[in-house]
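Student: If you want the building blocks of each chain, they are given just below.
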Amino acid sequence: MTLLDVSDLWVKFPTRQGLFEAVRGVSFSLGRERLGIVGESGSGKSMTGRAILRLIRPPGIVEADHITLEGRNLLDLTEKEMRDIRGEKISMVMQDPKFSLNPVMRIGDQIMEAYLVHNRVSRAEAWKKSVEMLTDVSIRDPERVMRAYPHEMSGGMGQRIMIAMMLIPNPQILIADEPTSALDVTVQRQVLDIMDKLVKDRGMGLIFISHDLNLVAEFCDRVLIMYAGRIVETCSANKLHEATHPYTRGLLNSLPRFDQPRKHLDVLKRDPSWADAPSEKGHA
Amino acid sequence: MSDVTLREWLLSDAPTSRRQARFASLYKGWLNFRSNTMAMFGLGILVFLLFIAFCAPLVAPHDPFAQDLANRLQPLGTEGHVLGTDSLGRDILSRLIYGSRITLYIVTLVALIAPIAGLLVGTVSGYMGGWADVVLMRITDIFLAFPRLVLALAFVAALGAGIENAVLAISLTAWPPYARIARAETLTIRSSDYISAVRLQGAGAIRIITKHIWPLCISSLIVRVTLDMAGIILAAAGLGFLGLGAQPPSPEWGAMISGGRRFILDHWWVATVPGLAIFTVSLAFNLLGDGLRDVLDPKGSNQ
Amino acid sequence: MSMIAVNGLDVWYGDGRDLVHAVRNASFMVAPGESFGLVGESGSGKSTILRAITGLAQNWSGIIEIEGQPLSPRKRDREFYKRVQMVFQDPYASLHPRHTVDQVLSEALNLSGFKGIDRRVSQLLDDVGLGGKFRFRYPHQLSGGQRQRVAIARALAGEPDILLLDEPTSALDVSVQAEILNLLTDLREEHKLTYLMVSHDLPVISHMCDRLAVMKDGEIVETLTVTALRNMQAQHPYSRSLLEASVV
Numbered sequence: 001m002t003l004l005d006v007s008d009l010w011v012k013f014p015t016r017q018g019l020f021e022a023v024r025g026v027s028f029s030l031g032r033e034r035l036g037i038v039g040e041s042g043s044g045k046s047m048t049g050r051a052i053l054r055l056i057r058p059p060g061i062v063e064a065d066h067i068t069l070e071g072r073n074l075l076d077l078t079e080k081e082m083r084d085i086r087g088e089k090i091s092m093v094m095q096d097p098k099f100s101l102n103p104v105m106r107i108g109d110q111i112m113e114a115y116l117v118h119n120r121v122s123r124a125e126a127w128k129k130s131v132e133m134l135t136d137v138s139i140r141d142p143e144r145v146m147r148a149y150p151h152e153m154s155g156g157m158g159q160r161i162m163i164a165m166m167l168i169p170n171p172q173i174l175i176a177d178e179p180t181s182a183l184d185v186t187v188q189r190q191v192l193d194i195m196d197k198l199v200k201d202r203g204m205g206l207i208f209i210s211h212d213l214n215l216v217a218e219f220c221d222r223v224l225i226m227y228a229g230r231i232v233e234t235c236s237a238n239k240l241h242e243a244t245h246p247y248t249r250g251l252l253n254s255l256p257r258f259d260q261p262r263k264h265l266d267v268l269k270r271d272p273s274w275a276d277a278p279s280e281k282g283h284a
Numbered sequence: 001m002s003d004v005t006l007r008e009w010l011l012s013d014a015p016t017s018r019r020q021a022r023f024a025s026l027y028k029g030w031l032n033f034r035s036n037t038m039a040m041f042g043l044g045i046l047v048f049l050l051f052i053a054f055c056a057p058l059v060a061p062h063d064p065f066a067q068d069l070a071n072r073l074q075p076l077g078t079e080g081h082v083l084g085t086d087s088l089g090r091d092i093l094s095r096l097i098y099g100s101r102i103t104l105y106i107v108t109l110v111a112l113i114a115p116i117a118g119l120l121v122g123t124v125s126g127y128m129g130g131w132a133d134v135v136l137m138r139i140t141d142i143f144l145a146f147p148r149l150v151l152a153l154a155f156v157a158a159l160g161a162g163i164e165n166a167v168l169a170i171s172l173t174a175w176p177p178y179a180r181i182a183r184a185e186t187l188t189i190r191s192s193d194y195i196s197a198v199r200l201q202g203a204g205a206i207r208i209i210t211k212h213i214w215p216l217c218i219s220s221l222i223v224r225v226t227l228d229m230a231g232i233i234l235a236a237a238g239l240g241f242l243g244l245g246a247q248p249p250s251p252e253w254g255a256m257i258s259g260g261r262r263f264i265l266d267h268w269w270v271a272t273v274p275g276l277a278i279f280t281v282s283l284a285f286n287l288l289g290d291g292l293r294d295v296l297d298p299k300g301s302n303q
Numbered sequence: 001m002s003m004i005a006v007n008g009l010d011v012w013y014g015d016g017r018d019l020v021h022a023v024r025n026a027s028f029m030v031a032p033g034e035s036f037g038l039v040g041e042s043g044s045g046k047s048t049i050l051r052a053i054t055g056l057a058q059n060w061s062g063i064i065e066i067e068g069q070p071l072s073p074r075k076r077d078r079e080f081y082k083r084v085q086m087v088f089q090d091p092y093a094s095l096h097p098r099h100t101v102d103q104v105l106s107e108a109l110n111l112s113g114f115k116g117i118d119r120r121v122s123q124l125l126d127d128v129g130l131g132g133k134f135r136f137r138y139p140h141q142l143s144g145g146q147r148q149r150v151a152i153a154r155a156l157a158g159e160p161d162i163l164l165l166d167e168p169t170s171a172l173d174v175s176v177q178a179e180i181l182n183l184l185t186d187l188r189e190e191h192k193l194t195y196l197m198v199s200h201d202l203p204v205i206s207h208m209c210d211r212l213a214v215m216k217d218g219e220i221v222e223t224l225t226v227t228a229l230r231n232m233q234a235q236h237p238y239s240r241s242l243l244e245a246s247v248v
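If you read the protein sequences in the order shown, they are chains Z, V and L.
Numbering follows the working numbering, with no gaps: position 210 of the first sequence is 210.
Numbering follows the working numbering, with no gaps: position 188 of the second sequence is 188.
Numbering follows the working numbering, with no gaps: position 88 of the third sequence is 88.
None of the hints are false.
Below are the DSSO-like pairs computed for lysine-lysine, each with C-alpha atoms no more than 30 angstroms apart in a straight line:
(1) Z:129 <-> Z:200
(2) L:75 <-> L:192
(3) Z:281 <-> Z:269
(4) Z:269 <-> Z:239
(5) L:115 <-> L:192
(6) Z:263 <-> L:82
(7) Z:239 <-> Z:263
(8) Z:80 <-> Z:12
(9) L:82 <-> L:192
(10) V:28 <-> L:133
(11) Z:89 <-> Z:128
(12) V:211 <-> L:133
(13) L:115 <-> L:75
(14) Z:12 <-> Z:281
(15) L:216 <-> Z:197
(16) Z:129 <-> Z:89
(17) Z:269 <-> Z:12
(18) L:115 <-> V:211
(19) Z:12 <-> V:28
(20) V:211 <-> L:82
(21) Z:197 <-> Z:281
(22) Z:263 <-> L:216
(23) V:211 <-> V:28
(24) L:75 <-> V:211
(25) Z:129 <-> Z:197
(26) Z:269 <-> L:192
(27) Z:89 <-> Z:281
(28) Z:129 <-> Z:80
(29) Z:197 <-> Z:89
(30) Z:263 <-> L:192
(31) Z:239 <-> Z:200
(32) Z:239 <-> Z:197
(33) Z:200 <-> Z:89
(34) L:133 <-> Z:269
(35) L:82 <-> L:133
(36) L:133 <-> L:192
Note that these hints are calculated values from the structure, not bench results.
Start from the sequences and build out the full structure, keeping to the hints where you can.
Tutor: Shown next as structure tokens:
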């Protein structure tokens, strides 16, 4: 079942040298699955995620045939309707929890606010629900965390709290933009496991944006590889290591590997034709 | 360079000489600045003011000091006196034109003295830290704790009335905010990697402050100075108004308002016209400052 | 004799109630021409060790020796900086935003007391694979990888023996990381450099280094060779968990 369908999405920014096209005609669909979008910085992967939520501010321009969610084209909605979509239908987790949490509000108040915005219940009810959510993201002492301020939390804790907050309104789609890049490797794994469990249990769709090929290969069902604003290759995640596009191959080979020590790493040789080839369709 | 235009040469992303790199970054700043209409408007007024001040003898229709008691307090639009005459029959337009020289003189001197003093104190205090910081910042606090005009009054009273002393007094009261800004900037710059890197090259404190910290502080100071210009002009006018700045018969704008004060009910233009001149120039500096902030702010959009 | 010898190093920040012990009793040796890695997660104190060696962190006790000469806690003379240089983590923060590449390198050469700076600047740029057309650019006209090359050129300006590398590729894309790591490999061979490299990325460290120390909460929990690491011979449970998280 298709939750979200994006067709021919363009994101452009006017600059002095003319129009800069960050995303160039990307089409894909998302079902109840974990879809990974990988690429290097500047490949347009983050812009794609933001464009879906209409978070690109002017002078940035977003154009698309349609971005359809439940039969509604998100591009036709008013800003007010869009606010209801954000959070209730689609949530987003950003890279660094430090910048996403309000530093002068207690964590409990922030989570409860997120809940109360979408539900008409008493504060006691909201408190109970928030504690439940924190327990769901494997926070051991949720009552204490509810009373704490964001700066008292470690990066991994902060990111788990963000995930809890984003999932409270029970969205259908979660967009996670490099959710674990700011975290240590051992913590990374825990956060991913939690996210994975929640997404599976609730039957949500997940768009996982990352630069880390190995992470995506392991964690997602399907992968779109972006280069210069286009999708150059799509494949199922467990076949990522058999990818055929020279760009994907180049990225994979440029990683240092434990099992194959060598003096020099392979260097990616960029072919201008990759950027010109039409975008692949990322439909399941 | 025959087959490239000057514009292409300036906008090249791969400059081939020190000179081209410098000109190119200036030119890009100018392009940024030019796209800000209000700032260009402010710059236009100031260029016009400069021109007027420079060519005062050629532009002014009359001698600013020539008295003509028969024609005193003529209204606006009088034949030969477009902006009327004051209580001694002197042509107000000519006095305004010559007065612009005094205004520019004050502004230039203050703009040279106050920010440089502030920059020195602020960066040294911020970079050195410890005792130097404590001592310099407490001195700054003491200066900040006085009401500005009152402190200036005290200085002028002690040193004697006159434009030079007014400038000195205004500068002495104007530097502490610049020191504060420079120190705050220095504190963030000091802990950055590029300062650590140059310290690891073995550079000393003086070199780091003058070559690495100053260039980054100066832009925010320039912005702040242009925004403060209005205040400086007003302070100078205030001192002139109180009779402690420029002395009669000097056509300083503040002194002109002060002179027109007695007739303000019957002959409003005598005080209003120099007031409007002060207003226009102050506004121009503010607009310019806003535009410069967009161009010079290193954290801004030059990326 | 070892190139770098660290013995019983303690580093702390702040004082009184805010005292934070960033490094406790760290000891390791790096042989001349060797490449030694420090691995650990954020806050493990690995970068702090580099800052203590360079004098950027001044509150430390213990012994740090460079070629047998002990360093004093505070003062470092120019001779020291000619021998030991550092490459920082974030190439976007380690270059002065208002200085061209030319200015950055000329100043580094100047401070090292070289003559014939013009020729040497082009030589340095060639060494790090940038070439002359980048010479007069400002940092904002360069990509992350190009900036890191400039930072490496700056570190090489004084012809040092030891290069301290603080996560030199963690802010870069993997394809650029490969280029920078290859460059560092080549430079080490050409200039007979000794590397002390800090990273959170175990595959990167094992690619670049001969031996490594694993750090956790300010302490070195284990020192081993990369070969032993590859053969999964890590003893300490933390090294093992780090290894498991890094191997796919």
